[in-house]
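Asker: Here is how the chains run, residue by residue.
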Amino acid sequence: MSQQEQPAAGAVFRPDRLGEHLVAETTRAAMLVQQEALYGVRDYFRGRGFTELLPPMIGPVTDPGARGAKALDVDFYGHPYKLMTSAIFYKQASLKGFPKLFYIAPNIRVEPPETATTGRHLVEFHQIDVEIAGASREDAMDTAAGLLTHVVRHVLDTVPDVLAGLGRDRLAFAELLAGKFDSCTHTEAVDRLRAGGHPQSPDAEIDWAGERILSLEADRPFFITDYPKGSRGFYDSEDPDRPGVLRNFDLIAPGGYGELVSGSEREADYATIVTRMRESGENPAKYDWYLRLMREGLPSSAGFGMGLQRLVRFLTGLDALWQVSAYPKLPGTVSP
Amino acid sequence: MTRASAPGFPEAQVRQRAREGVAAVFAPLETYGDQLFGAGADQPPAPDGIADDLDRAVVAPPVFMPRRLEKLIDLGREPLHDDVDLATVIGGFSSPLPVYVSAFGSTRAAGADTGIAVSRQAGRLGIPMVIGENLVPVTGYRRSEKDRSPILERLRAYAGECPPGLGGVVVQQSTEDADSEVWNLVYSDPSVAGLLDSGRLGFELKTGQGAKPGLGGMTVVDPAEAARLDTRFAVRELPGTGGWLRCATPGTFTEEILRQQVRFMRNNFPRARVWVKFHPGRDVAAAAVTAWRAGSDAVTVDGAQGGTGWAPRAFLGRAGLTLGECLRRIGAPEGCLLASGRIWEGGRAVRALAMGATAVGLGRAALLAVDEDPEHGLIRLVEALALEARMLISAVGKYHSRLLDREDLWWPAPTAQPHPVDDPTVPTLERTP
Numbered sequence: 001m002s003q004q005e006q007p008a009a010g011a012v013f014r015p016d017r018l019g020e021h022l023v024a025e026t027t028r029a030a031m032l033v034q035q036e037a038l039y040g041v042r043d044y045f046r047g048r049g050f051t052e053l054l055p056p057m058i059g060p061v062t063d064p065g066a067r068g069a070k071a072l073d074v075d076f077y078g079h080p081y082k083l084m085t086s087a088i089f090y091k092q093a094s095l096k097g098f099p100k101l102f103y104i105a106p107n108i109r110v111e112p113p114e115t116a117t118t119g120r121h122l123v124e125f126h127q128i129d130v131e132i133a134g135a136s137r138e139d140a141m142d143t144a145a146g147l148l149t150h151v152v153r154h155v156l157d158t159v160p161d162v163l164a165g166l167g168r169d170r171l172a173f174a175e176l177l178a179g180k181f182d183s184c185t186h187t188e189a190v191d192r193l194r195a196g197g198h199p200q201s202p203d204a205e206i207d208w209a210g211e212r213i214l215s216l217e218a219d220r221p222f223f224i225t226d227y228p229k230g231s232r233g234f235y236d237s238e239d240p241d242r243p244g245v246l247r248n249f250d251l252i253a254p255g256g257y258g259e260l261v262s263g264s265e266r267e268a269d270y271a272t273i274v275t276r277m278r279e280s281g282e283n284p285a286k287y288d289w290y291l292r293l294m295r296e297g298l299p300s301s302a303g304f305g306m307g308l309q310r311l312v313r314f315l316t317g318l319d320a321l322w323q324v325s326a327y328p329k330l331p332g333t334v335s336p
Numbered sequence: 001m002t003r004a005s006a007p008g009f010p011e012a013q014v015r016q017r018a019r020e021g022v023a024a025v026f027a028p029l030e031t032y033g034d035q036l037f038g039a040g041a042d043q044p045p046a047p048d049g050i051a052d053d054l055d056r057a058v059v060a061p062p063v064f065m066p067r068r069l070e071k072l073i074d075l076g077r078e079p080l081h082d083d084v085d086l087a088t089v090i091g092g093f094s095s096p097l098p099v100y101v102s103a104f105g106s107t108r109a110a111g112a113d114t115g116i117a118v119s120r121q122a123g124r125l126g127i128p129m130v131i132g133e134n135l136v137p138v139t140g141y142r143r144s145e146k147d148r149s150p151i152l153e154r155l156r157a158y159a160g161e162c163p164p165g166l167g168g169v170v171v172q173q174s175t176e177d178a179d180s181e182v183w184n185l186v187y188s189d190p191s192v193a194g195l196l197d198s199g200r201l202g203f204e205l206k207t208g209q210g211a212k213p214g215l216g217g218m219t220v221v222d223p224a225e226a227a228r229l230d231t232r233f234a235v236r237e238l239p240g241t242g243g244w245l246r247c248a249t250p251g252t253f254t255e256e257i258l259r260q261q262v263r264f265m266r267n268n269f270p271r272a273r274v275w276v277k278f279h280p281g282r283d284v285a286a287a288a289v290t291a292w293r294a295g296s297d298a299v300t301v302d303g304a305q306g307g308t309g310w311a312p313r314a315f316l317g318r319a320g321l322t323l324g325e326c327l328r329r330i331g332a333p334e335g336c337l338l339a340s341g342r343i344w345e346g347g348r349a350v351r352a353l354a355m356g357a358t359a360v361g362l363g364r365a366a367l368l369a370v371d372e373d374p375e376h377g378l379i380r381l382v383e384a385l386a387l388e389a390r391m392l393i394s395a396v397g398k399y400h401s402r403l404l405d406r407e408d409l410w411w412p413a414p415t416a417q418p419h420p421v422d423d424p425t426v427p428t429l430e431r432t433p
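So the sequences go chain by chain: D and H.
For the first sequence, the UniProt record's numbering assigns the number 1 to the initial residue and increments by one for each residue that follows.
For the second sequence, the UniProt record's numbering assigns the number 1 to the initial residue and increments by one for each residue that follows.
In case anyone wonders, no lab produced these hints; they're calculated from the structure.
Misleading hints may appear alongside valid ones.
Said to hold, decoys possible - Calculated from the model, a selection of chain H residues having no Cβ within reach of chain D, i.e. all distances over 10 Å: (1) R19; (2) A23; (3) V59; (4) P61; (5) F64; (6) D74; (7) S94; (8) E161; (9) E181; (10) P190; (11) L205; (12) M265; (13) P270; (14) A294; (15) L316; (16) G397.
Claimed, not checked - Simulated restraints on C-beta separations: (17) D/L177 with H/E153: 24 to 32 Å; (18) D/P56 with H/R402: 54 to 62 Å; (19) H/E407 with D/R292: 43 to 51 Å; (20) H/D222 with D/A326: 49 to 57 Å; (21) H/D85 with D/P56: 58 to 66 Å.
To be verified - Here are a few chain D residues that face chain H, going by a calculated C-beta distance under 7 Å: (22) R17; (23) G68; (24) K70; (25) P112; (26) K229; (27) S280; (28) G281; (29) N283.
Ideal Cβ positions, reconstructed from N, Cα and C, are used throughout, including at glycine.
Based on the sequences and whatever the hints tell you, model everything.
Answerer: This is how it looks when you write it as structure tokens:
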């Protein structure tokens with residue numbers, strides 16, 4: 001997709017007009033695409049020895065995440081519990097019984113209002129959450145690429161008329177379906193952005209504007225690997241040969257749609273996890289149940305989460321993420 | 001007025017300034033012409049063990065003043081003390097004075113009304129203010145309209161008074177606060193958007209306490225409060241007193257943990273300033289350099305002095321470096337250095353600035369000042385400090401606080417030698433009484 005065709009921020013969602021949103025043609029089309037995308041996801045994993053589990057919704061802790069999003073508290077018989085921002089800890093724990101597993105997981109992240117205009121953030125969203133025991137980062141990247149390709153092909157095959165009705169050109173997926181995925185490191189991505197005049201910090205996540213620039217420049221999906229420590233969760237393992245570099249990745253869609261997937265090889269060593277928790281400002285005491293499992297021994301693993309709504313937006317080519325959610329909750333906007 | 005007290009602190013002087021403002025900088029007018037003044041008689045000696053060598057230093061004006069000549073040329077007239085420019089940037093925030101308000105904890109002495117009064121006056125002055133740790137785990141964040149969260153009340157009180165383009169609020173988070181995700185709560189709170197949008201919100205990583213270096217925060221609570229806080233803090237009974245001690249953990253830091261925590265703050269809260277506060281640790285120079293190089297906008301060193309919480313007697317004046325020794329070990333700072341600990345008047349403030357600090361923090365002094373006068377106490381105290389600072393700085397022939405230098409100080413007694421910044425392992429020097 002060229003710069004001229006880039007998705008704009010889109011029309012503004014009016015929370016007081018949820019009824020209109022629910023009967024809109026685009027909403028109906030997006031839900032049909034979502035339904036087929038979910039079918040494609042399950043179809044892909046069933047043929048490859050995965051088990052689908054249903055994720056927990058609350059827990060004593062949740063993924064502390066990053067970038068200023070906060071978890072919501074619930075009172076659980078007098079104990080402060082969290083709604084899941086992601087079920088990463090449960091995925092890892094489940095490996096004991098299910099060495100290859102996936103969830104279609106609902107997540108809640110109260111994003112800072114500054115993400116309201118990215119077109120890529122919702123407070124309530126779903127992730128296709130995958131974890132594979134004994135896998136390397138490269139295995140997880142292959143699985144993510146395979147999953148995306150399979151789902152795109154399935155959706156193109158089953159609802160071509162819906163995509164056509166949305167004006168989504170099949171050609172937008174030509175490179176992807178040809179199996180061409182690029183890859184660069186975080187350092188390379190930072191260098192490219194800085195060379196183009198974007199002030200990207202080398203120690204931090206690629207910021208929202210930077211991610212959009214890189215996504216717009218691409219004509220096929222690409223991986224960004226090797227994020228610096230301090231930009232990601234404590235569960236992403238650090239490269240033993242390159243201190244400060246994490247064995248993780250993002251998968252970025254072309255055309256300005258941005259990040260679809262975040263994943264990594266997981267840290268499985270107890271002492272390292274405790275130290276990494278401190279490095280991310282966390283109090284290890286609150287992760288008691290997880291650390292006990294870790295002490296007993298959890299399988300090494302790699303995995304990822306693919307944002308379902310981001311995937312559907314990429315498939316439909318719609319302007320903003322709220323258009324592919326039936327009940328959108330935008331950052332900073334109080335909605336029903 | 002609640003009659004808060006602070007034994008060992010020059011409370012009477014602070015209260016006098018809170019009442020009288022700049023008038024208190026001078027001796028009573030009626031003594032003019034009759035009494036001769038000299039050091040010692042007019043200034044009560046600091047109690048043993050609390051004085052630090054920063055208080056022994058003497059501001060030493062030169063005779064020849066090339067900087068004064070520069071100012072004379074600039075102005076086209078002889079400069080005066082009120083030509084001294086004190087405006088500066090403190091940890092990323094514009095401030096009319098090299099002064100900010102340090103954090104008070106969650107203790108009673110820094111209770112709701114006092115905290116609000118301090119916030120309002122700091123806002124009116126346009127100087128940055130730090131909001132203390134443990135407020136959220138102790139008192140909660142968003143409560144009913146009637147019973148509002150102190151942290152939000154202080155933020156609103158400050159923002160309501162602060163002139164545009166000046167000041168900023170810095171919210172601390174310690175280990176227990178991290179459980180309550182204080183920074184996330186504040187960062188996404190709509191009522192804080194004004195400060196965030198104008199670049200006037202910061203977060204301070206607190207790694208230690210000035211009054212009890214190496215320990216976490218401590219407050220005394222009653223049995224009911226102890227039971228309520230039991231899930232969030234370690235709570236220990238104080239035998240024979242009926243009271244309970246609520247202990248916060250100091251948190252565990254290594255060089256790598258500190259570096260990564262600062263990076264995490266920058267990554268997660270890109271629109272907030274990042275401050276780091278250290279207790280007066282013997283490796284404070286290495287710690288400060290680590291924080292600056294990881295990208296923190298300010299490093300605060302809290303000299304072993306006092307605080308609002310509870311501290312074991314064995315610690316008071318007997319654990320931790322003095323503020324002067326901290327500043328000496330840090331040497332020429334790589335970034336914005338903030339100093340707090342027993343600052344209340346212009347003399348100690350100027351000495352700290354000459355030792356490399358960009359600004360000084362008012363802690364107990366600010367509390368006492370608003371306790372004396374909730375409407376104007378802090379403002380008068382700061383005005384008095386600023387006047388003294390201007391007079392002292394002009395006396396050394398300089399006209400901006402950032403031009404102060406170690407050459408402007410003289411230590412009359414033998415004192416510790418400066419340590420190079422890259423040698424964090426030097427032992428603590430014995431303090432002279």
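Asker: Evaluate each hint against the coordinates.
Answerer: To see whether the hints hold, each was checked on the structure:
no. : hint                           : in the structure
1   : R19                            : holds (43 Å)
2   : A23                            : holds (46 Å)
3   : V59                            : holds (41 Å)
4   : P61                            : holds (44 Å)
5   : F64                            : holds (45 Å)
6   : D74                            : holds (35 Å)
7   : S94                            : holds (21 Å)
8   : E161                           : holds (24 Å)
9   : E181                           : violated (5 Å)
10  : P190                           : violated (7 Å)
11  : L205                           : violated (7 Å)
12  : M265                           : violated (8 Å)
13  : P270                           : violated (7 Å)
14  : A294                           : violated (8 Å)
15  : L316                           : holds (28 Å)
16  : G397                           : holds (40 Å)
17  : D/L177 with H/E153: 24 to 32 Å : violated (57 Å)
18  : D/P56 with H/R402: 54 to 62 Å  : holds (55 Å)
19  : H/E407 with D/R292: 43 to 51 Å : violated (59 Å)
20  : H/D222 with D/A326: 49 to 57 Å : holds (51 Å)
21  : H/D85 with D/P56: 58 to 66 Å   : holds (59 Å)
22  : R17                            : violated (21 Å)
23  : G68                            : holds (5 Å)
24  : K70                            : holds (3 Å)
25  : P112                           : holds (5 Å)
26  : K229                           : holds (6 Å)
27  : S280                           : holds (5 Å)
28  : G281                           : holds (5 Å)
29  : N283                           : holds (5 Å)
Hint violations for this structure: numbers 9, 10, 11, 12, 13, 14, 17, 19, 22, all remaining hints satisfied.
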